[in-house]
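*Asks:* Per full-length UniProt numbering: the sequence shown ends with 548, consecutive numbering throughout.
It is worth saying that the hints were derived from the structure and are not from the lab.
Since we're looking at a predicted model, the values are computed, not measured.
Misleading hints may appear alongside valid ones.
[Claimed, not checked] Derived SDA-like pairs: lysine to any residue, alpha-carbon spacing no greater than 20 Å straight-line:
1. Lys265 / Ile545
2. Lys472 / Ser120
3. Lys121 / Trp469
4. Lys239 / Leu275
5. Lys340 / Gly325
6. Lys289 / Gln349
7. Lys220 / Lys314
8. Lys468 / Pro457
9. Lys265 / Asn219
10. Lys184 / Lys340
11. Lys314 / Glu355
12. Lys405 / Ser380
[Unchecked claim] Simulated restraints, written as ranges between beta carbons of each label pair:
13. Glu226 / Lys375: 55 to 61 Å
14. Gln49 / Pro371: 28 to 34 Å
15. Leu534 / Ser318: 39 to 45 Å
16. Thr454 / Pro231: 57 to 63 Å
17. Thr382 / Phe486: 30 to 36 Å
18. Pro273 / Asp295: 58 to 64 Å
Every residue, glycine too, gets a C-beta built ideally from N, C-alpha and C.
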Amino acid sequence: MSSPMARRTMNNCTRSIVDSSLSKSLTRPSLHAPCQFVAGQRRCITIKQLEAAKNDRERVVILGSGWAGYNLARSLNPKKFQTVVVSPRSYFVFTPLLASTSVGTLEFRTALEPVRSRSSKYDYIQGRADGVDFGRKEIMVRETVRDPNQGLLSTRAGEKKDERPLEMQIEASRGELFSMSYDKLVVSVGSYSQTFGIPGVKENAYFLKDVQDARKIRNKLLSCFETAALPTTPKALKKQLLNFAIVGGGPTGIEFSGELQDIVKDDMARLYPHLTEHVQITVYDVADKILPMFDETLHDYAVEHFAREGVTLKTNHSIRELRRGFPRREGTEDLNDDVKASGYTLKLQNGEESEIGCGIVVWSTGLMSNPFIQKALSSSFTAPASCLRLSDDIDASPDGVADWKVQRHPRTGSVITDDFLRVQLDAGDHHEDRPAAILRDVYALGDCAAIEGTTDPATAQVATQKAKWLAKKLNKGDINTRGFSFASQGVMAYIGGYRALVQMNQASLSGRTAWLLWRGAYLTKSISWRNRILIPMYWAFGRDISRF
1 MSSPMARRTM NNCTRSIVDS SLSKSLTRPS LHAPCQFVAG QRRCITIKQL
51 EAAKNDRERV VILGSGWAGY NLARSLNPKK FQTVVVSPRS YFVFTPLLAS
101 TSVGTLEFRT ALEPVRSRSS KYDYIQGRAD GVDFGRKEIM VRETVRDPNQ
151 GLLSTRAGEK KDERPLEMQI EASRGELFSM SYDKLVVSVG SYSQTFGIPG
201 VKENAYFLKD VQDARKIRNK LLSCFETAAL PTTPKALKKQ LLNFAIVGGG
251 PTGIEFSGEL QDIVKDDMAR LYPHLTEHVQ ITVYDVADKI LPMFDETLHD
301 YAVEHFAREG VTLKTNHSIR ELRRGFPRRE GTEDLNDDVK ASGYTLKLQN
351 GEESEIGCGI VVWSTGLMSN PFIQKALSSS FTAPASCLRL SDDIDASPDG
401 VADWKVQRHP RTGSVITDDF LRVQLDAGDH HEDRPAAILR DVYALGDCAA
451 IEGTTDPATA QVATQKAKWL AKKLNKGDIN TRGFSFASQG VMAYIGGYRA
501 LVQMNQASLS GRTAWLLWRG AYLTKSISWR NRILIPMYWA FGRDISRF
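Make a model of the complete structure from these sequences and hints.
*Replies:* Here it is, written out as structure tokens:
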């Protein structure tokens, strides 16, 4: 029979579940909190109820709901594993369609799949991993239910606090902490957009990593046209408002450029016929060519296509600064401050520095490691030998070995794994070329991880294959037999004008045939039947250019 004190504790837990705000009395920033409220969980259950529902199953905690985490959670056997997904996003993003949603070709919901659903056989916690105790097999989670930035994947503008005001704002509104144990941990937290510490990029650029990013781009794009259409807007300002800059010549930047040219040519030319002469789309890249993953034939086809469509490609250009507000131009001196601040100044260098005014700057220059990897997995720790698979020259004493560190790639910062996707460790006094140890029951996959000695790209294709491979191995219980090997299925990119590039192992395609293959591939790869039906409907009925 439970004591009166225990009954009061459970009643308090029940009230806090109904309450929209989390009770601070239930939050103990300790790895041993006995009964913590789990914010945003699928059935609003407590950690104690999770333990009761576990039965004889192993608990697999998956950090992240991206390509790796979401596919792994859907593929694990619920009879064998109690799967818990921890992610600040309660949805999975089908990233190849983000460029289409940002210009209204598709609606935002077509690029989303809810993590919670009636058919899901796993639990979900809306939070972000804050720390890990590998020795005790526990993670610290910070709830993000009330985080206003949860749909915007941020980057870091600088190391000093005065260099990163957005991070300071996020830190000031951090949620409550709670702890949770695991039997197996899968780190698939993804990556952030790389800004290289360039002043003003984090604060002023538009990224394309999440649906909220796409929504911001669409609203800003339409705002530029509406402002330029006002009779009070001078010609000099129209040219700057309708000057759209895309930084990055990879698939994301090129696909967005193609989608942007489509909406300008198909819709804006009809709705704003007097403004089309002012529209300028420019792609900037520090490298000497765009789309380096495609062969020369496809690259040349893309360059020629953009030249015909009026999209300017400027390679060997580096960005020095991005600041809010247009540069001073003749004829814009009398504008009010709000109008002047509605655009951006992009400082470029190509031999000599220059400044241009832009209505929007979309940034897509590569990836950087997630702050969880940078902070939580960068410190040295002590773990008992039972948690490790040690090399022959390391002392396997039961007291553990001090100064373990997670192996990370020296250039990208990704977590290094073996070909079984297990996290590799280094010891402070270990100087061999091979890892000192491997963490038992801790795996890393997706954009945040890389297999030692491989050059697999950080793409959705690689993440999905790793997730399905790991799920199959865990379900069968033969994780130690035959490691993972990536099988490339080719690359594709849309370049606008109903044309695309497709490069496979045995063949390369370009033009309208490639575009049909591109559309068919992403339609069939959409996860839910709802989106497989909605996507062709939006394709058939045209763009929505409403601002909301």
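*Asks:* All the hints need checking, so say for each whether the structure fits it.
*Replies:* Here is how each hint holds up against the structure:
no., hint, in the structure
1, Lys265 / Ile545, "14 Å, holds"
2, Lys472 / Ser120, "18 Å, holds"
3, Lys121 / Trp469, "19 Å, holds"
4, Lys239 / Leu275, "9 Å, holds"
5, Lys340 / Gly325, "5 Å, holds"
6, Lys289 / Gln349, "17 Å, holds"
7, Lys220 / Lys314, "23 Å, violated"
8, Lys468 / Pro457, "17 Å, holds"
9, Lys265 / Asn219, "18 Å, holds"
10, Lys184 / Lys340, "53 Å, violated"
11, Lys314 / Glu355, "14 Å, holds"
12, Lys405 / Ser380, "5 Å, holds"
13, Glu226 / Lys375: 55 to 61 Å, "42 Å, violated"
14, Gln49 / Pro371: 28 to 34 Å, "30 Å, holds"
15, Leu534 / Ser318: 39 to 45 Å, "41 Å, holds"
16, Thr454 / Pro231: 57 to 63 Å, "59 Å, holds"
17, Thr382 / Phe486: 30 to 36 Å, "34 Å, holds"
18, Pro273 / Asp295: 58 to 64 Å, "39 Å, violated"
This entry does not satisfy hints 7, 10, 13, 18, going by the numbered hints stated previously.
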